[in-house]
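**Student:** Protein sequences, first through last, are from chains A and B. Per the numbering used here, numbering through the first sequence is continuous, rising by one, with the last residue being 400. Per the numbering used here, numbering through the second sequence is continuous, rising by one, with the last residue being 400.
One should not assume that every hint holds.
It does not matter which identical chain is meant; a pair holds if it fits inside one copy or across any two.
What the hints assert, rightly or not - Keeping only pairs whose Cα atoms sit at most 27 Å apart, straight-line, the calculated DSS-like set for lysine-lysine is:
#, residue 1, residue 2
1, Lys274, Lys398
2, Lys155, Lys193
3, Lys286, Lys193
4, Lys101, Lys193
5, Lys91, Lys244
6, Lys360, Lys391
7, Lys360, Lys398
8, Lys351, Lys395
9, Lys388, Lys77
10, Lys155, Lys244
11, Lys110, Lys73
12, Lys73, Lys391
13, Lys244, Lys286
14, Lys398, Lys351
15, Lys247, Lys370
Bear in mind the hints are in silico, worked out from the structure with no lab data behind them.
Protein chains: 2
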Amino acid sequence: MKSNQLTIKDIAKSLNVSISTVSRALKDHPDISQETKDLVRNYAEKFNYRPNVLALSLRRQRSYSIGLIIPAIVHHFFSSVISGIEELAHKEGYNLIICQSNENQYREMINLQTLIDHRVDGILVSLSKTTQTFEHFSEALNSGMPIVFFDRVCEQLEADKVITDDYEGGRIATEYLINKGCKNIIHLAAPQNLLIGRERRNGYCDALRKAGIEVREDRILKCDTREEVQTLRQHILNLAPDIDGIFVVNDSTAIAVIQVLQQNGFRIPEDISVIGYGDGPNASIIKPELTTVVQKGYEMGRESVKLLLQRLNNPAADINYQTKVFKPTLKIRKSA
Amino acid sequence: MKSNQLTIKDIAKSLNVSISTVSRALKDHPDISQETKDLVRNYAEKFNYRPNVLALSLRRQRSYSIGLIIPAIVHHFFSSVISGIEELAHKEGYNLIICQSNENQYREMINLQTLIDHRVDGILVSLSKTTQTFEHFSEALNSGMPIVFFDRVCEQLEADKVITDDYEGGRIATEYLINKGCKNIIHLAAPQNLLIGRERRNGYCDALRKAGIEVREDRILKCDTREEVQTLRQHILNLAPDIDGIFVVNDSTAIAVIQVLQQNGFRIPEDISVIGYGDGPNASIIKPELTTVVQKGYEMGRESVKLLLQRLNNPAADINYQTKVFKPTLKIRKSA
DNA sequence: ATCTAAATTTGAAACGTTTAAAAATTGCTT
DNA sequence: AAGCAATTTTTAAACGTTTCAAATTTAGAT
């Protein structure tokens, strides 16, 4: 923040006109004579005047920046969401302030406060895994802050949302396994406080029921990271001889499972079929290549910004929250 | 930017004291009586007063935000750098404005201007692949904007830098191949306008020379993305029968090469050894697992912020730019 | 009671911008 | 040459803070 930046005031002094004349000349206000406009604009051009965005925001009561709270940047899904957000936001003249919650509710709350303090015009959020209460968000919403939730949303919060139909995702994955002839399918699930966790699981359960297969609680494991696969390694291996299909809540966990199984002599998909969720670049690196549910991160990012901008540009429409739902598809490769 | 946010002015009015008293009470200024302090602070607490960061920045002539220009968020290396940056920056009270250049010089220039317009206190940059001229940066530097370059830096620019010793990286990778008995080693290189591209290549060349192996131009291919591997597919396959080692400038390209070679009947590492660069999560998914040069993204991110903060907190030390160099190590797995 | 010093509070300017309203300038008409 | 309208420019307030300098209040000493 070097303050050797030229200001409107400097221009006014140099040119011996008033500050407001400069301001108006720069934005082509009809009151100003052509002569003066040229004078001011040439000077501004020549010395590379750039308005101070901070002052503008303060004056306008609008910052043209939007905040993002995201569990972790390093996951491919999230970073592709960010790409989509960044792309559209910048194109529309907004800049992005990104905060990571690191899957931690407390950090998430701090992040939210930071963004409010910075007077962002709106906020995009994907909930952390450990978030159990939502007052911080409902307070912000009540105070009038536009918030769009994406992917990891929460039912209780009335707000704009962008999601994939995770129930459907769980269903088509499980049905595919069933159609392949699998009879004993386990599910490695996300934490059940997350809606996406419950939905994918429900899709899985309903698909089984529809096929007349009993849903067994001992065949649903909470396991959604590589690390957890290591922790549950023995448990999974004990289960392995009795099962012929696994529906896993995300790709990297699915890959870790495949690796563990392969190391222990199980053949994928001959002995056990595995389906992941996400379709990141890893999916086509693992051998056998991973059959997985496609999640459109980039598009979801864009859509979230769209929804937010709609609300920003139309603050009248107080109510009428929208939920944009992406339909998941199954990318069939070799692992199932 | 809902303006129903409580201001210091509101508090002053409600409490029938002056604005400056409120301001001072809140920051525990010794002039203010304990009584008044309590009064003000209780009120502020009760109604959840939060200072307007925009106004603060304007007044202080310091925004406590730093800008980041990065080629692409979706690459694991860069997203782990971001993580490191975000972590430390937030901890130190700075917030982060992230811009993607998408490997495009023009976008990079726009990004830079945006950040300057936002009066960030300093900027972190990793150059885009297509950046050929550097006036935009030297101008910013000259005007006093602190800039730290990381990973993709440029020799001509005098500034703080954080890099890995890429020459060394190229050297140890190539030497390892030579020690394994490889005699015909090709190099898939990054664009040579990037310093990292030249350095890794030079490391490769020198290692060959030192071993008495002729350096052949036709054995150095510009090829640093999955897509380019597809484009050069036939060329690579034509070369393949005559070679026994490949040093590739990044992991994802290395993986793509392995896949192409395997599909065409070459065995890795028996027929051809392959070494990558980066050590992202993909490296241990591919079969055979990838031997690769380790790049510490998270740590480089943190170090960049550290350097920047040093400069921000010590604007006196005009000169004396620092370059922090990380020593690369080789992670030996199965592909070489 | 008055004075003085110390303690406390307030007013005003500043950061860089916009904009409503007032003021000054111009150019026609007569 | 005066009057008037139209054109152009300026003044001032505002956005939410901080902070210097000035003003006010308090309390102790006479």
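**Student:** Quick one: Lys398 to Lys351, C-alpha cut-off 27 Å, is that within a copy, between copies, both, or neither?
**Tutor:** Intra 8 Å, inter 15 Å, cutoff 27 Å: intra and inter.
**Student:** At most 27 Å between CA atoms: does that hold for Lys91 and Lys244 within a copy, between copies, both, or neither?
**Tutor:** neither (66 Å within a copy, 68 Å between copies)
**Student:** State whether the alpha carbon distance between Lys244 and Lys286 is at most 27 Å within one copy, between copies, both, or neither.
**Tutor:** Answer is within: at 25 Å inside a copy they meet the 27 Å cutoff, but 44 Å across does not.
**Student:** What label fits Lys360 with Lys391 when the C-alpha limit is 27 Å: within, between, both, or neither?
**Tutor:** The answer is within: 9 Å in one copy meets 27 Å, while 37 Å across copies does not.
**Student:** Treating 27 Å as the Cα threshold, decide for Lys155 and Lys193: within, between, both or neither.
**Tutor:** For Lys155 and Lys193, only the inter-copy Cα distance (22 Å) is at most 27 Å; the intra-copy one is 31 Å.
**Student:** How would you label the pair Lys73, Lys391 (within, between, both, or neither) given a Cα cut-off of 27 Å?
**Tutor:** Intra 54 Å, inter 50 Å, cutoff 27 Å: neither.
**Student:** For the identical chains here, do Lys247 and Lys370 meet the 27 Å Cα criterion within one copy, between copies, both, or neither?
**Tutor:** Cα proximity of Lys247 and Lys370: none, with 43 Å in one copy and 56 Å across.
**Student:** Using 27 Å as the alpha carbon limit, work out where Lys286 and Lys193 are close: within a copy, between copies, both or neither.
**Tutor:** Classified as within: same-chain Cα gap 12 Å, cross-chain 42 Å, threshold 27 Å.
**Student:** Is it within, between, both, or neither for Lys274 and Lys398, if the alpha carbons may be no more than 27 Å apart?
**Tutor:** within (25 Å within a copy, 45 Å between copies)
**Student:** First find the shortest C-alpha distance between Lys360 and Lys398 inside one copy, then the shortest across copies, and answer within, between, both or neither for a cut-off of 27 Å.
**Tutor:** within (21 Å within a copy, 33 Å between copies)
**Student:** For Lys155 vs Lys244, is the C-alpha pair at or below 27 Å within one copy, between two copies, both, or neither?
**Tutor:** Cα proximity of Lys155 and Lys244: none, with 46 Å in one copy and 51 Å across.
**Student:** With 27 Å as the alpha-carbon cut-off, assign the pair Lys351 and Lys395 to within, between, both or neither.
**Tutor:** both (15 Å within a copy, 21 Å between copies)
When the structure is compared with the earlier hints, violations turn up for hints 4, 5, 9, 10, 12 and 15 and for no others.
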